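K.L.:
As a plain string of letters, each chain reads:
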Amino acid sequence: MEQLMIELNPQTTQPVVQVKNLAKAYGSNVVLRDVSLSVAEGSVTAMIGPSGAGKSTVLRCMNLLEQPDSGEIVIDGHCINAGKKTSPKSLAALRRSAGMVFQHFNLFPHMTVLRNVSLPQERVLGCSREQANEKSMELLKRMGLADKADQYPSRCSGGQQQRIAIARALALGPRVMLFDEPTSALDPEVGVEVLEVMKELASTGMTMVVVTHEMAFAENVADELVVMADGGIIEKGHPGQILKDPQHERTRRFLRAVLER
Amino acid sequence: MEMLKAIAIGLPLTVLVTILALMIGTVVALPIVAGLRSRNRLIWLMSRGLVDLLRGIPPVVWLFILYYGISIGAVRLSALQAGVLGLGVVAAAYLAEIFRGAISAVPKGQWEASSALGFHRATVWTRIVGPQTARAAIPAYTTFAIGLLKDSSIASTIGVSEIVFMSSQYARQSGSGILVFFVAAGIYILLSVPLGLLSRHLDIKMRKAVAR
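As given, the protein sequences belong to chains L and D, one line each in that order. In this text, residue positions in the first sequence follow my numbering: the first is 35, and each later residue adds one. In this text, residue positions in the second sequence follow my numbering: the first is 777, and each later residue adds one.
Calculated directly from the structure, the hints in this document are not laboratory data. A quick note: this is a predicted structure, and the numbers were derived from the prediction, not measured. Be careful, since some hints might not be right.
Only some residues are given here: those of chain D computed to face chain L with a beta carbon under 7 Å [stated by the list, open to error]:
(1) G885
(2) E888
(3) A889
(4) A892
(5) L893
(6) G894
(7) F895
(8) T899
(9) I904
(10) P907
(11) Q908
Pairs of lysine-lysine residues, derived as DSSO-like cross-links and limited to a Cα-Cα distance of at most 27 Å, are as follows [claimed, not checked]:
(12) L/K270 x L/K169
(13) L/K123 x D/K884
(14) L/K118 x L/K54
(15) L/K54 x L/K270
(16) L/K175 x L/K233
(17) L/K119 x D/K884
For each residue, glycine too, the CB sits at the ideal point set by N, CA and C.
Work out the full structure: start from the sequences and follow the hints.
P.N.:
Next comes the structure, spelled out in C-alpha cells:
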C-alpha cells in the first residue's frame, strides 16, 4: 500500500482516475457489473449510452455519492475500496480531488452567486473570505458572469446557473471534473454556453469525465469515448473511430437512434 | 372600560405562556426531529412513540397531570410552571413534525452538492439545510404559534390568570355574561392578525429572493 502511494506521484503519467471492477445492484436489479476505467491526466472522457446504462451511476460512484457494492476507486492517489470501511478523512480527500457538476446545477438557492462559489472555499479549503471572493470573482469573470455575483441563482438562466456550478466546483482546485449530463436540463441554445465553457476548460488541460448525450461534444472535444449499456462498458476508444465504425451491435443501434433522428 | 381593564390584566400572562411554551417547544423539538430522522430503529421508535403520546392526549389533560399529579419531593409545580411546561412539550411534538416536513422539503440535490463539495455535516446543517428548512417552516410555524396563542387559554383551567381566566372571573363577579367573552375574543384577534401578517410578509420576501 505504501509503495502504491509513492508510485502514484502526480508527476508520472499515472491515470488521475482509476475505477476497478466496480459493481452495484439494488436488490436483484443490477445497475453496474464489473466496470473498469482509467482516465489519463489532461484527457477528456465522454460517456455515452442509452438511459439506464449506468453512466451516471459510474460517475456518482467515483466520488461516493453512490456507494458501490464492490470495486476500487483511485482518484489522484486517494484510494477507496468498496469492500472496506472508508474513513471520513480519505473520503474528504477523494472528494476534494474531484469536482462535480450536476444535471440540475444544485446551487444553493438562499445564497448569492458569489456566496455559492466562495462558501466551499472558506469551509473546505479554509480560505479567508477575501481570498475566497477574489478567486470566485476571477472564476465568474472567466465564465462571463462577473455581473451576476450579487444576484440569487433563481435570477439566472439555466445556462448561467450551470456555469456558476462549474465555477463553484473549479474554485476548490480539483484534479478532475466530473460532469453528470450538464446540458440535459437546458434548452439547446442555452446548452451551447455551457459546452463552450467546458471546451475552454478542456483546452486548458483539465482532466474531465463527462456523461452526456451531446454527440458533437463527444466527437470533437473528447479524447476517449466510453459506450455503456446494461450496466457495463461495451466499447471504448477514440471517439472518431467508434462513431465511424462501431464494433458492437448495441453501439450501432444506439448511434443510429441518436444520430439519425 | 372597566371590563376591558379587568381582562387586559390577563394579557401579559397570555403572551408569556405563549412565548415560553413556543420556546420550550422549539428547543425540545430539535432532539425529537433528530430521533425521527434516526436510522437506529430503537431511537426512531422511541421518538415516534413520544410524538404520538404527546399529541394523542389532550393538552388540558397534560396540564392536569403536571399540575395535580407531579410532585418532586415536596415541591409541586406552580400553575404557571405546569401550564408553560405542558403546552411546551405538546408544542414540541407538533413542531417536531413541522420541522421534519420542512427538512424533507429540501431537495436531495442540496445534500448531494454539499457532499460532493466535501462539506462537514455541521456545515451542511448550519449553512445549507438549516436555513432552507427554516424558510420552508415559516408558514406552518406561525400558524402553529397562532394556534398556541389561543390554546394558552387552556392554562386558565389550572388557574393561570391569563385572558380567559380573567374574563370568566369578571363574568362571574359582574354578571355581565357573554359580552366579556366577545371582548376577550377581540383581544385574541388583535394579537393573532399581526402575527399572521408578519408571517406572510416574511414568506413573500424570502420567496422573492430565492424562488426557484
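K.L.:
Which of the stated hints cannot be reconciled with the structure, identified by number in ascending sequence?
P.N.:
12
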